[in-house]
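**Q** Below, each chain spelled out in residue letters.
2 protein chains.
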Amino acid sequence: MVKWHDVPPSHARQFLEPGPVVLLATHDGGRDNVMTMGWHQVLEFTPALISCLVSRGNHSHAMLRRSGECTMNVPTSALLDTVVRIGNCSGADLDKFAALDIAREPARHVAAPLLPQCHAQLECRIHDDAMVAKYDLFILEVLRIRVATSPREPEFVHYIGDGKFMLSGRRVSRKRLFRPDMLGN
Amino acid sequence: MVKWHDVPPSHARQFLEPGPVVLLATHDGGRDNVMTMGWHQVLEFTPALISCLVSRGNHSHAMLRRSGECTMNVPTSALLDTVVRIGNCSGADLDKFAALDIAREPARHVAAPLLPQCHAQLECRIHDDAMVAKYDLFILEVLRIRVATSPREPEFVHYIGDGKFMLSGRRVSRKRLFRPDMLGN
Chain Y
57 MVKWHDVPPS
67 HARQFLEPGP
77 VVLLATHDGG
87 RDNVMTMGWH
97 QVLEFTPALI
107 SCLVSRGNHS
117 HAMLRRSGEC
127 TMNVPTSALL
137 DTVVRIGNCS
147 GADLDKFAAL
157 DIAREPARHV
167 AAPLLPQCHA
177 QLECRIHDDA
187 MVAKYDLFIL
197 EVLRIRVATS
207 PREPEFVHYI
217 GDGKFMLSGR
227 RVSRKRLFRP
237 DMLGN
Chain X
57 MVKWHDVPPS
67 HARQFLEPGP
77 VVLLATHDGG
87 RDNVMTMGWH
97 QVLEFTPALI
107 SCLVSRGNHS
117 HAMLRRSGEC
127 TMNVPTSALL
137 DTVVRIGNCS
147 GADLDKFAAL
157 DIAREPARHV
167 AAPLLPQCHA
177 QLECRIHDDA
187 MVAKYDLFIL
197 EVLRIRVATS
207 PREPEFVHYI
217 GDGKFMLSGR
227 RVSRKRLFRP
237 DMLGN
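Top line first, the protein sequences correspond to chains Y and X. Mapping to our numbering: the first sequence position 40 is 96, numbers consecutive. Mapping to our numbering: the second sequence position 17 is 73, numbers consecutive.
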């Protein structure tokens, strides 16, 4: 049994800033979809803003735009093969949840599902779509973050192109070199 | 002696998509400056577009905006203490290059310097400043990428907040699970 706890949306940087591949899930027209996504960044702590690029070539693009909501789920290396398979088929052709046997649970603030096989789940709502027409870039507000209580140092997956991934490695602290006002988040 | 080679700007994702901390260098008013930055993402292969958030509270913000140019330099863990020190002082107060003994070399397309202690250097020019007023978000075009020929699997640093870093770990391939048209970049 996985145990979960919530952390404040302002802590989104702990999960997204190191740059892992995430699984972006949407719900629209009575159906769920999920895509693999690595083009995202943090924009602001409060409100907790992030941006992500979802190309109009992806089936998720219209689903995200119409529903205005999604979840971002951060998988570990245990799920890597599924992560790759999700990224190499389209929700236009099949129900990825059924075809790839992906578990899902209801979210609290959005209709898109949470993926409990992932270490962390972020519930998000579109905050600003001004850059969608030009760049397919969505600015999202993180409404809630749910995290598994263990392991403490999950092995996330980071895409480096051409079918290759970097797995996240050991953690080190340099807290002693920081100004106190630079710490906290 | 470090040996260098250039890779196409469209390969920027290999360095930025996994989410490392970068050193963003600028040149304006006859002076160089450098900041530590982790809020960036990839937007497009061709033209090679990336976005990055440089807060107006950073001395580099005005320098980037006025000059329209910068370099992004990707450090390895060998430079971690310097990376943290760069992020905990301001170019408004001191010359970071002198104070922290940071090497620099001329770039080819921009006036901002390259940092040869870093594994890779990206020369960038502002492509679109439409999101600067609202989010301090700059959209940049990558003009050139210079990379050290070794090591093949550098240990980059990824910030996870509160003074802690994740070091990039081992690389794995899942090329066999990709559709051929999803590979290449």
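Any given hint could be a false lead.
Pairs involving identical chains hold if they fit within one copy or between any two copies, as the list cannot separate such chains.
Below, in silico cross-link-like pairs of lysine-lysine (DSS-like), each with a Cα-Cα straight-line distance of 25 Å or less [said to hold, decoys possible]:
id : residue 1 : residue 2
1  : 231       : 220
2  : 220       : 59
3  : 190       : 59
4  : 59        : 231
5  : 190       : 220
6  : 231       : 190
These are computed hints drawn from the structure, not numbers from a lab.
**Q** Against the structure, test the hints numbered earlier, and report the numbers of the ones violated in rising order.
**A** 3, 4, 5, 6
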